[in-house]
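J.: The chain contents come next:
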Amino acid sequence: MQELRNKVKELLSKGTVQTVIGYGEGTAGKVRPVFITDPGNTDSLIFDLRCKQNLAVYLLKPEVKQLGKAAVVAPLFTLKTILQLAAEFQLADGDIVIIGMDDEGKLIEFPDLAAVEAFVTRYDDLSAETKAELDRIEKMPLEERWQYWQKELSRCIKCYACRAACPLCYCTRCTVEINQPQWIAVPSHDLGNLEWHIMRAMHLAGRCINCGECARACPLDIPLNLLTQKLIREISLHFNQRAGIGSKAENTLSTFKPDDKENFIN
Amino acid sequence: MSEFEPKIVAFVCNWCTYAGADLTGTSRIKYASNVRVLRFPCTGRIDFMLLLKAFANGADGIIVSGCHPNDCHYTSGNFHARRRWIVFRSLLDFIGIDVRRIHFAWISAAEGAKWAEFVNTVTADIKKLGPNADYRRLLDAGIA
Numbered sequence: 017m018q019e020l021r022n023k024v025k026e027l028l029s030k031g032t033v034q035t036v037i038g039y040g041e042g043t044a045g046k047v048r049p050v051f052i053t054d055p056g057n058t059d060s061l062i063f064d065l066r067c068k069q070n071l072a073v074y075l076l077k078p079e080v081k082q083l084g085k086a087a088v089v090a091p092l093f094t095l096k097t098i099l100q101l102a103a104e105f106q107l108a109d110g111d112i113v114i115i116g117m118d119d120e121g122k123l124i125e126f127p128d129l130a131a132v133e134a135f136v137t138r139y140d141d142l143s144a145e146t147k148a149e150l151d152r153i154e155k156m157p158l159e160e161r162w163q164y165w166q167k168e169l170s171r172c173i174k175c176y177a178c179r180a181a182c183p184l185c186y187c188t189r190c191t192v193e194i195n196q197p198q199w200i201a202v203p204s205h206d207l208g209n210l211e212w213h214i215m216r217a218m219h220l221a222g223r224c225i226n227c228g229e230c231a232r233a234c235p236l237d238i239p240l241n242l243l244t245q246k247l248i249r250e251i252s253l254h255f256n257q258r259a260g261i262g263s264k265a266e267n268t269l270s271t272f273k274p275d276d277k278e279n280f281i282n
Numbered sequence: 018m019s020e021f022e023p024k025i026v027a028f029v030c031n032w033c034t035y036a037g038a039d040l041t042g043t044s045r046i047k048y049a050s051n052v053r054v055l056r057f058p059c060t061g062r063i064d065f066m067l068l069l070k071a072f073a074n075g076a077d078g079i080i081v082s083g084c085h086p087n088d089c090h091y092t093s094g095n096f097h098a099r100r101r102w103i104v105f106r107s108l109l110d111f112i113g114i115d116v117r118r119i120h121f122a123w124i125s126a127a128e129g130a131k132w133a134e135f136v137n138t139v140t141a142d143i144k145k146l147g148p149n150a151d152y153r154r155l156l157d158a159g160i161a
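Heads up: the sequence lines are chains B and G, in that order.
For any residue, its number in my numbering is found by taking its place in the first sequence, counting from 1, and adding 16.
For any residue, its number in my numbering is found by taking its place in the second sequence, counting from 1, and adding 17.
The set of hints was computed from the structure by calculation and includes no laboratory data.
Relax, there's no trap hidden among the hints.
Here are the simulated lysine-lysine pairs, DSS-like style, with alpha carbons at most 30 Å apart:
#, chain 1, residue 1, chain 2, residue 2
1, G, Lys70, B, Lys167
2, B, Lys23, B, Lys122
3, B, Lys167, G, Lys24
4, G, Lys70, B, Lys273
5, B, Lys155, G, Lys145
6, G, Lys70, B, Lys155
7, B, Lys277, G, Lys144
8, G, Lys144, B, Lys167
Whenever a hint applies, use it, and build me the whole structure from the sequences.
T.: As structure tokens, then:
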């Protein structure tokens with residue numbers, strides 16, 4: 017932790033960056049994001065197992081950009097997000113300083129995005145538990161699967177915390193806010209909830225890097241990241257593509273191969 | 018009680034399937050009248066949300082059809098559409114929507130007979146599945 021604080025102090029006092037986005041102690045044993053602009057304030061920075069929020073969500077916010085060049089404390093999932101944002105031309109190499117953190121909380125130096133790429137490709141996208149959970153739902157009979165999701169999604173209150181927490185949901189005007197035509201019903205009834213969650217997953221197809229922030233942000237504990245995890249698995253199966261492993265990677269749904277295989281088109 | 022007549026919405030591209038369906042008509046081939054044809058510039062233009070809207074507006078079945086691979090008027094619209102359908106279809110199946118209600122096809126401007134046969138087959142299939150009861154229940158529960 018001291019290593020991290022020293023690094024941040026150095027970055028700020030040398031003027032390499034004007035702000036550092038990191039983790040700090042919150043209330044009730046929770047961790048909150050901190051934005052440090054003063055090299056004297058680095059003591060509020062922490063890093064431990066509770067630091068799971070994907071801080072890359074702040075990188076594209078106009079309010080944060082106003083603070084000047086930023087450095088971000090980046091565990092594995094944040095590193096992948098940064099690569100995906102670069103692949104989508106939202107960030108360029110050198111726009112931000114990456115303070116990489118490994119599983120043990122050791123600092124990793126990343127001189128450029130190529131170094132990040134070399135680091136993240138070592139890790140799998142889906143954990144064994146996730147795969148087992150996907151298998152469990154896939155094996156349910158259709159009606160049971162429908163009931164399962166109806167039960168889960170009926171809790172949704174359309175607060176859009178999943179959208180706000182997702183670093184890849186950066187559109188300034190989301191389809192749910194478009195009312196001419198009204199794509200998604202505003203009230204949180206079963207139809208609108210279903211449409212919203214299908215749309216959210218589809219808009220993240222081939223882009224989601226599985227940080228799980230959407231599910232953690234959900235105040236109703238809906239396992240909504242299962243939908244994006246399912247798409248990660250399908251996309252890897254059908255197109256052999258993974259999001260968040262290359263800063264110049266192609267986007268799955270905006271590219272194609274003439275020999276893409278399917279078995280349902282007559 | 019009269020037999021269940023499904024409502025089927027067909028999303029077709031202007032250049033191949035729409036012209037193909039036109040050929041069916043000018044060839045005087047009769048086919049099931051359950052289908053409502055919507056013409057799009059290209060299958061690449063068919064947003065997945067439109068398919069959900071068809072269900073939300075009471076469709077029992079959906080047809081999506083366009084040019085054969087390599088025949089797209091815009092070179093690659095159908096290739097993009099194919100990727101989107103592969104992903105979308107697996108998501109719908111995962112969330113518990115019966116994907117047997119959505120049928121995909123490549124039907125060219127010369128395949129009037131294939132269009133008639135395809136619509137007839139789809140109509141028979143959807144008749145067997147019955148009304149889209151799960152989705153209707155959502156609509157009834159909804160305020161919108």
